[in-house]
Structure formats: C-alpha cells, structure tokens
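Asks: Residue-level listing of the chains:
Number of protein chains: 4
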Amino acid sequence: MNRKIKYGLIGGSTESSIGRKHKNAINFDERAELVAGCFSRNGDTNKAVGDYYNVEPDRVYGDYREMAEKEAARKDGIDFVSITTPNFTHFEIAREFLLNGINVVCEKPLCFEVDQAEELIKLAKEKDLVFAVTYTYPGYAVVKVMKEMIEEGKIGKVINVDAEYLQDSMLDQIGATDGSIWREDPKQAGISHVFGDIGTHIEYFVRYVTGLHIKKICAISDKFGHKLDINDNMLLEFDNGAHGTYWASKVAAGYLNGFTVRIFGDKGALEWHQQTPDYLKYTPVDAPIQIISRGAEYLTEKSANLSRLPVGHPEGLTIAFANHYRNIITTLIKKKNGEKPTAADLDFPTGEDGLEGIRFINAAVKSADSGSTWVEM
Amino acid sequence: MNRKIKYGLIGGSTESSIGRKHKNAINFDERAELVAGCFSRNGDTNKAVGDYYNVEPDRVYGDYREMAEKEAARKDGIDFVSITTPNFTHFEIAREFLLNGINVVCEKPLCFEVDQAEELIKLAKEKDLVFAVTYTYPGYAVVKVMKEMIEEGKIGKVINVDAEYLQDSMLDQIGATDGSIWREDPKQAGISHVFGDIGTHIEYFVRYVTGLHIKKICAISDKFGHKLDINDNMLLEFDNGAHGTYWASKVAAGYLNGFTVRIFGDKGALEWHQQTPDYLKYTPVDAPIQIISRGAEYLTEKSANLSRLPVGHPEGLTIAFANHYRNIITTLIKKKNGEKPTAADLDFPTGEDGLEGIRFINAAVKSADSGSTWVEM
Amino acid sequence: MNRKIKYGLIGGSTESSIGRKHKNAINFDERAELVAGCFSRNGDTNKAVGDYYNVEPDRVYGDYREMAEKEAARKDGIDFVSITTPNFTHFEIAREFLLNGINVVCEKPLCFEVDQAEELIKLAKEKDLVFAVTYTYPGYAVVKVMKEMIEEGKIGKVINVDAEYLQDSMLDQIGATDGSIWREDPKQAGISHVFGDIGTHIEYFVRYVTGLHIKKICAISDKFGHKLDINDNMLLEFDNGAHGTYWASKVAAGYLNGFTVRIFGDKGALEWHQQTPDYLKYTPVDAPIQIISRGAEYLTEKSANLSRLPVGHPEGLTIAFANHYRNIITTLIKKKNGEKPTAADLDFPTGEDGLEGIRFINAAVKSADSGSTWVEM
Amino acid sequence: MNRKIKYGLIGGSTESSIGRKHKNAINFDERAELVAGCFSRNGDTNKAVGDYYNVEPDRVYGDYREMAEKEAARKDGIDFVSITTPNFTHFEIAREFLLNGINVVCEKPLCFEVDQAEELIKLAKEKDLVFAVTYTYPGYAVVKVMKEMIEEGKIGKVINVDAEYLQDSMLDQIGATDGSIWREDPKQAGISHVFGDIGTHIEYFVRYVTGLHIKKICAISDKFGHKLDINDNMLLEFDNGAHGTYWASKVAAGYLNGFTVRIFGDKGALEWHQQTPDYLKYTPVDAPIQIISRGAEYLTEKSANLSRLPVGHPEGLTIAFANHYRNIITTLIKKKNGEKPTAADLDFPTGEDGLEGIRFINAAVKSADSGSTWVEM
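Chains as they are written, first to last, in our numbering: chain A, 187 to 563; chain B, 187 to 563; chain C, 187 to 563; chain D, 187 to 563.
I should point out that these hints are in silico values taken from the structure, not numbers from a laboratory. No false leads were mixed into what you were given.
Because identical chains share one entry, a pair is satisfied inside a single copy or across any pair of copies.
Computed cross-link-like contacts, BS3-like style, restricted to lysine-lysine with a CA-CA straight-line distance of at most 25 Å:
id : residue 1 : residue 2
1  : K467      : K453
2  : K409      : K343
3  : K526      : K333
4  : K552      : K402
5  : K401      : K552
6  : K467      : K340
7  : K453      : K413
8  : K233      : K520
9  : K261      : K520
10 : K308      : K526
11 : K409      : K340
12 : K256      : K233
13 : K192      : K233
14 : K453      : K409
15 : K343      : K413
16 : K313      : K190
17 : K488      : K467
18 : K294      : K333
19 : K526      : K192
20 : K521      : K308
21 : K521      : K313
It should be emphasised that the depicted structure is a prediction, and the values quoted were computed from it without experimental measurement.
Bound-form chain A, shown alone (with noise of 0.2 Å):
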C-alpha cells in the first residue's frame, strides 16, 4: 500500500498562524510528509522551522525557485507545494512549482490579475497538475449537506441569497489606520481590502452550494480613512435572474467571524453560520423551521460519512480544512497509482475558482470606485 505521499512548504513558519492550519489540516489525516522547505526569508527561522519539522537541512531551502528546481530534479520529490505566504508573492511562486511540474495547492486570494490567473490554469491544465486553492468553509461537512440539498431541489429554484462576513477587528481604526496591517497596502494586498479579503469566501461559497454565477454586481464602498475598503454593501443578480445582497465589513461591532448565508428558494431555504458550522437551518415552504446536524443518522449515507467526530461533537476550522486536504491528496495519490479521481475527490476549489474570485473582485471594486453602478462580471 502506498497511501503516502511528499510535500513542501513555503512560508508555514511556525509562527504563521495560517501556515499552521495548513499544516495541520494536511497532519490530521496522515497520509503526506513533509519533506522540504522554504518557511521563511530569515535564514535562521528558515533553518529552525525545517529543524522543528524535521525536514532533511539539504530540503530547507532559502529560495523558493532552487526549491522548484531542485525537488523536480529529485526521484524523491515532492509530490505537491502548499503555498502560505502573503497574497502578492502568490502568482510567482505558484507558477514556478507549476512551470517545474510539481502540483500547486494556493492559499487564497489566487493573485491580482485575471491573466494571472488564467497563464497558472494553463499551466496547471497543460502539464496536468492539480491546482487548488484554498477557500475553507466549504470544507464543513454541513456545507456539502447544504450543497446536496439545494442539488436534490429541497429549496427549488434559488430566487435570493443573502450572505454575509462580519468582523469587527479595524473598529478601532475607524478614520485612521494604525499601520498595523499589511492588507491595507495595496502593494501587498492588491485593489482591495475587504472585498479581496473576505469577500470572496463570500463568492466563492455560495457559487459552491448554488451553482450560480453572478452575472452583474451593485457596490458600495467605505474606506474610512484608510487607503482601501473596509466596508462593502453589494446588490447582485445571478445568471439565473435571482437577486442578493453580500456585505462584508470589518467594522461591524459585536461580529468577530460572522459569516452567514442564506439561500432562499421557491421551496424553501437554507441557512448557515460559521461560527456554529455543524448546523444547518432548513425551513421547507408550509414546515417548520428545522435544525439539521452533520452527522445525524437522517442524513444520506454520503452526507453522514463526511463526518469525522461523533455527532454533537465540534468539528472546527481544523476539520473543515483537513476535508479539503483529503480530496486534494486523494486525488494526488488516484492520479499517481494510475487511478482516475471521482467526483467526490475532485470536490475542492481550485485555479478557475481562485480566478472567478479575482473577477469578483474587479468587478466590485470597478462598481464601488464608478459611483456604485451595475458592472458586469
């Protein structure tokens, strides 16, 4: 049986609290090792991550081109790179794993560019690579119940999404930053702030359980003082003619992670809270409202064995995380033995959603920045 398999970091130092949940999102399942490096700039946390690690000091490496290079040179190689490092160092070092045929998983946002994006999914696409990027909050079971649900028509036709992120974190930079973020720089974060931040979970969830495509998008922007946004109000309407709203914001008193989606059709709705991800609110038209838990034996058989605790039991962000990482190196392993990759396995986000998110992006801040006009998308 070989069911293990290689990986990289770069960036992931300890320190790095979202190279953490990468790494033990990739740990909790066991089936990758990592074996090379390139966790940080400074040379001796560099070497003290690899050394924490155990990682050979010949794969901690202090560039991460000689990296690609060097592991696609070896037998041993790895078999994939998790990329954690800040949003604009991205495109490049993604797309010098992909040119040295070694697959890609991303850390969200993509990159800045729509072409960007699309040069990586060719690559991606032409050396046959995976390319994933990491959107987290699908990977709760429920919401893959919530996706079943809407697929199987529990709500019929969508006919209005209302989703969104809250975070109160900048309210005490209301008119003036204190420098303390680096997401407010548009060298290191791009057009945006917010909308780039977390406004693309936003997208990105509800194209993951509806399907839909926005079609077209109405924002409104406040910066606050700062140099990017730091609260966006949007009207959307989706290819299928439903309307929306998404909000995100960083100044909303009294949410510290409140991401919330509500997906309302002719039939009924849906409803889910991130910070009690466990659960789903479904209301059938003419039914009582209803609490459905992952993991409970009314589900389907293949929405019950997406869970990895007993019901009633907390799964959290670590879990969430560690169901994509199954599906990618599933994957991984399938495509290495010869084998070809389910549906199922395939059920992570990828380039061509990393790259829906940058047009999102574009297109909300193309609208806010016009006097809050309809911008196609």
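Based on these hints, arrange chains B, C and D on the given structure of chain A.
Replies: Below, chains B, C and D alone, put in the same frame as chain A:
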C-alpha cells in the same frame, strides 16, 4: 379628574384583525371610550358591531362623512377617530375628520401621494389637531431603550445600517397570484406592495431610533409574476454619509414576521428582533456582547418605566400598540385640559412620518423601475 | 344575542400589577363588563378605582362580604368575581362568593390548606358554580399545541420531565432579607415562598400538558438566611413511572423569568420557553429538531385557531391570560343560556388544580424539612 | 533544542475513533513522535496500523506487557504511552507501564475500583511519573476562562450548580437492547453505563471549574429494560453547602451531545454549552447577560493566549484535546530536562481526578440501587 376621553372607529369590525388591534390597544389603559363608529360598509355588520361594542345606535353611522359632521356638531362628540380601513381609503377619511376639527389616528400607510399627505399635515397644523399614524414596532419599550442608547452615544456615530423585514406568506404564489390579496391590486395598495406594506416599517423604525434620513436609494425588485413587487433589496445612503441595506420580502421561507434591525456605530452596535421584542443585543467596542432586557434594573429609570409587565414576561404586540395610544391619549387629554404635552407624551408617529414613508416608497419604486439606479429621496 | 356578562373584582387597584393583568385579560375580548368591586382596603383608593373603572358608586363596596351578599341579591348582580388579593385572603373571599352562589375566578395559589381547598371545591360543586384558578402559562396557544401533540403520541410515552422556573429577583438578598417581600412572611405566603409562588406553575403546567401526576418527590431547599425557601431542587417520580427534576429559584443570575419545560418521550421530545412563548421545539426520534410556531399553517386547524394575532407577531402574556378568560366566560355564558359547555370551553384551570398545587407544596416542604427524603404526594 | 519526545499508543487502530482523537490531538503541536505501539489484538491489523503510522516493525508489539518491558529497556524508549483501549483494560495496562517507569496518559474512565485507582496513583507517585487521565472538555480555552473567572470571584460564592449531559443515541433501544453497545456489558463497562460514560464528565468538569467536591448524592436511574443505567437524575450537595442537580441520559431526544454546565453564584452566573464551546454566557448581578468569546481582546492576556485560532473561528474538539496534550507534553519535556513544570503546565486531569470519578460512580450507583437515598461520597 377627567382622565377619559371619547373616540370613534372607522372600520374595526370584529372580524378585522387590524381593527381589533387598535381597539385592544386603546382598551389596555382604559382611558378612552368608544362612543361612535362606522364599522362596515355592510349595514347589518355595521349595526351588529355597534351593538357588540355597546355603541348607541344613533352613533353607528352608515357613512364616515355623516359621522364626521355629526360628531363634530355634538357637544359630547368624539375626541378622536381611529381609521383602520384599507389603505386607499385613508386619505379621504382622514381629510374629512380633520376638516371637521376631529383629531385623527390613522393606520399606516397614511396615503399614496405626497401632496395628499402634505394636505393632511397642513390641515392638522392649521386646526391644531393631533394627527398620528400607527407604525407599531417603535411602541415596544426596548425600542425606546435602543433610541435612547443611540442618542446617548453608546454606539458612537452610526456607520452602517442593516435591516430586513421578511415574511413567507406568498411563497406558494411564486409565478402566479391566487388573487386572494388586496395588497396586490394597485387600486387598493398603490404603486407598491412590499415596499409599502412592510418596507415602510423599516424606513420609519430606522429613522426613529437613529434620527437619520435616507439620502438616496438603489433598489432592485422581484415581482415573480405579480403586478406589484414582492421582494425588494435595497442599498442606501443616509444623510450622515453612512451606508446600509434594507430588504423586504414576502417570499422568504423560514421567516414568519422576521423584522430585524441592526445599527452599527463606530463605538458599538445594537440589534433588535421583532420576534423577541423585549430584548436588545448590544455590543460596545472591545467588550462582550450584552443582552439587555426590557424592564431590567440596570436600565435608566426612564427606560424601566416604559414597561407594563414584570421583567421576563413577554409584553407582545398589544402592549407595543398600547404604548403608542398611551402617548396619543395623554397628549389629547392634556390639550383638552389646556396643558402642554411633554416631549415624552408626543413620542408617537405622525403625519410627517407617514409622508416620509410615501417619499420612501416613491423613491424605491422609481429606482427599481429605472433599472436599479440611484434615486435621491 | 346575549354575549356579555357582568363581573366584579376584589383587589385590582390600578396600582396592582396582578389586578391589572386580570382586568386587561378580561377586556381583551370585551365580553364581560366590570360593574362591582371591592378594590382596596383603603376607602379613598377604593372609591378612586371604582370611579376610574366607571363602576356605579353604590357597587363599590368597602367589604367583600357585603359585596357578595348584595350582588347575590340583585337581579342584575355580577355573574362572576375575580379575586386578585394577596394569597392568605383567597380562601375566605372565595368561600364567601361561592356561598352566595357567585362564580369565582381566583388568582393562584388557591389557598394554603388541603381541607380549605376541598371545602371550596365541594361548595362549587354543590352549587354548580364555575370555580377557576388562574395559572397563566397554559393559556399560550403553543402550550395547547404541546398538549395536543403529546396526546396524539408525537413523542410516545413520556419517560423524563425536566422543568425549571428561575428568577434572580432575590440575588441581592442572599444572607439577609430587606423585608420588602410579603411572600417571605409565612402569615401571608403560607409554608413556602418559592415552591408556592413559582414551583406550582411548574407542577400545573407539566400536569396540564402530559396528564401525568406526581407520585413522590425528593426536595432540597435553600433559605439563604430567610424564613422560607428561595431555591428548591427536586427529584420526582410520576404516576407512569417516569422520573424528572424540577427547579424553582429566585437567586438564579441571568434568569429574569426563565420558565422552561422539557418533556422527553420514547419517540421524541418537546420543549417550551416562557420567554419565547409562541415557539415550540420539537424533536421526533431520528429526525431534525423542528421549531414550531404559533398560528402556522402546518398546525391542525384547532391549534391554528387558538391564535389571536398573525403568525410571527408576539402575543405576550396578556393574550395568554385572555385565552383563559375566553374559555371561562364562554362557559359562563353557555351555562347562563342553558347550553352545555364543550370540553374546549372547559379548558381552564380549576379548584381541583389549585388543590393539587397545595398537595405539591405540602409534599415538597415536607421532603425538604425532613432531610430531603422521598415523600408521597 | 530538544523539544520533541517519543510516545507509544495502546489501541488507536485507524478505525478507532477514540484512538484517532488522541493521535490527532498529539499531532496538533508536533512535539511528540509515535515510535511504538500495540494497536490491535488482531495481528494483521496491528501490523497494518504500525505500517500506516511509520512505526518500525520491531516496535509494533503484539502484547502490551512486552511493549512496556522492551520500551523501558531501550535507551531511546518511549517517554509516555497513551492508552485508548476499552475501559476494562485500563487498569492492567496502566499498571504495567507505570511499573516499568513509563509515563501514562489514560483515556477516561481510569478504571473500575477505588483501590485499583489508588494503586496506580501510588505507583506513579513513587516513581515520580506523569499519570494523566483525559477528560476532554476542560481542554477548551473558554472553560479555562470560566475557571479563572470563578477563582477571581466574578460570580461570588457558588450557591447552585446545574449540569446535564444529554444524548439520544439509545432512544431507539428503549425496552430492549440491540446488543450493539459494549458499554452495556458490565464486564466491559463496570457497574454503570451512563454515570460512568458521560456522568463522570459532568463530575470532573464542575469540580475543575469550581474547585467544589461533591459531599453527598441522591440519584434515581432508569434502565428501560437494559442491564445498566441509561438515564440518571441526581440531587447533590457540595462541600461548601451549595446544592445542585446533574442529569446524564442517552435517551434525550433532541440532544446529540448536549453537555451544558451552569454555575450560579451569589454575585453572578456562568453557563457553558459544549455544542458552542468557544462562548461563555456570563451574567453579573444587576447587569445584562454577556456573551464572552474565546480569544477576545477583552479577556486577560492569560486567557487570550490559550487560543489556537483567530477569534470567531470554531476550534472544535481536536484543539480542546490538543490543549491537554500541550500541557502534558510540556510537563514531560521539562521533567526530562530537569526543569520544574509550572502550575499552568500541570493543568491537565490526573489519576487523582480519575479516582474521584470512580468514587462518584460508586456513590451514584449505590444511591440509585438503594431506593434513591442520600449517599456520602
């Protein structure tokens, strides 16, 4: 002591849910006696209702014009009239009573046209009459706490407003009307169904608690095969520069009467849900979420005194409505006795509020009809 | 049509919260007219209240005995009396009116002694009088849905009951009373404070919805420096063999009027919270939790008809109370007209329920006083 | 830097949910490496698991005694062993490793008999070994905030405790077992099913956060046709004189893993729900209810530092478990390096806690079996 005053009712047959609501609200404090009415266009019903309510037969009128004239002529005529008939009749009836010098309490929406509303307001002013319009929800004691807290700066400057009024009553009529709803008939309902029926509750409530006026609006409506709107999503800008979203819908599965208002400031936020109307969610910046209860000892004396029932016992809609009538009747008694009503006595919605509601409906419909462009209000 | 009947009030000064509660509940349907009363032991107050309520001066009595006799002697005497005075006076007053052949509605608790209650019940029976005791909470429409569902077997056989009634009003009097509460005085309150005041609400409610009677009880009480109990925890066994716990407390921080009842059966469970009284949590075995709403279309016609307000609008305590009076008054009118009341008309708590409450208090106090041993009820 | 230590696993086949839970928790911080194990009584499975986990074949043992001896004899032997086998095997295995001088982490319940537990504790003490027992729930960061707040006097003196642990997994086995559950077999489960399996979680949790010990207990159990208890209601008295109730059940419809603890003091109350484990409900006397969040800025630095994920992102059970192992492993590393562990390092449940759990089970079963009399603990 002359605490009690006399009133008449237009509409309000025992079968009318809105008529009963007014009657029960007035009864709650037992300071006004029903002595005249024009309860139904059907003569037998009219007579039966008068009989049920112990109204003298000669003061049960077949025609509101006759009633206005005769009651105005009596020495012991009514002090005020409550109008609870369908929307399209409000203007004519209210005008008739105002012309005859009788104070008016009118169910919302006041009327259909701005100039009609202005005419009524002018009439009431000229004749120094009370002219109230009954938007129920700000009658809840805790909503007044909300207003008080915003005035006191507890959430700082308002920076975003998010409010929704969701019902599901028309979910089974997507695509085709069953003809059962008079609000779908432009003759009876005016230019809007949902903006007018429930959207105006949002408009008044937010203005009441924040003091902010809408500056411009961008609305998108869905009619789903009907003549008038049944789902409305809106972006807004307020006169202090803050943005926000309103959403009014009658096709939102899972929401029976889901009226929720969230006011975000730069120092905190407040949130109220109509289905748990005695509680207020308050989050001061950098502090835990608080759940504030009607009648609690930690409230200001003024706020605590608004309560009618011991803390923890749900007051319900009847009491919210009775709170409006308490103030209206106190104002009327004071004026009758030559006293000056206080600001607290005058805390009830008036013709001016009704007028602002009409302007809101007009702007919203104009925006929706013009391809969802921004319309100044 | 002779729909209206006449009643008198004992207690119920305009300052009395419980008196107003009865008055407003009776007013709600406007089928009974207040024509006599003994409102206060203070002559001036008594007169003022009579005046306020438009009661003829010769029917404002200084003494309840005189009132009972004189009203019984009048041809147009009262059809029933509502007793809203402090607990220790209930027995004498109720007896006097029953002896004079007048129907009685008595605030809970009925009285202090089993033999007193039995005497009143016997009297009412002999004279064929209505003798109601007002436990408010089962008046909520959704509580009747709960009872109906249990009767229909929706949760199977009841196997456990967990109920609590928690308040925090005495939290600042731990260790020493401030003397402000008459319920702490055994002369006025009887042998128990909290078992009697709020514990009996639990006892009646559970019996009402399940039909189960308590077989034995093991109680432990805390007095925290007071003469009577202010916190009571109980284990119970019911007559069908099921077990459960009741908890009544006035020192539970965080609970204003936290009355919660959970009934567990072998096929499902039902849960009701007094602070959200229009909703019912229902979990059928192997199915999602459901939130059932008062007045919803999916309810039986019978259940839906119990509603007074459109779905989603909180009815509140006044309407729960009015529902009891609706049935009491319908029963009285039918009896007056020689008709037989239906089972639905007779759905209100009676003297027998008051008696069971006294037995509960006695058993609970006996258990607590005897070192928390099991006491048969 | 010598941060990493080595461990072995007893049980923990990849099919074992509890074994995986331990493995994932240890993995989370990557400071301990699995190098030996006795994973299954089935030789093939044992070998396969060892292979899966990359354990050297000569350290995959068929017998735990052999493993204890050989690992003790190796210079690079394991630093600790985690025991995740069925309950009835814990004692023998733990004793063997302790006898061989190896630190032990044992899944709860520790064992069946008081003298067994005492023997293990004595052994560990004599040999200066770490002997931990894994009660999961106090590992949640917010539970430690709860403990800290009680210690700081935020709720004053504890006056009542109400805790429940409700599941519904046996609801379809009322009246007859389907034989699927080993916990129903006294040989494997001991004298109790539900007291032992979930009741002990309540006992430890309450003791952990309040520091209170149970003085006496009065319990009533339902077996519903099974050999051991499946529903247990209890009254309690604590060593400070406070009273309370515990309830443990596997037949509570609507509760998947409904572990709720409410601690009431004379200055406030605290409430924690396992299904929303990152939040704490706190009510100070005469102030609004507060919702406290894990990781929030308003917490003490100590409390905030316990967090592993950004605020508002659910940590879930894996992280709660990892928090225990973080402390256990830090303690082991410090001891190995000759350093003294701090009180914070030693914050994990131990053999003494396991012993108290056995005493609780014994007292509860004795009470239930003796007609629900009070039994001293």
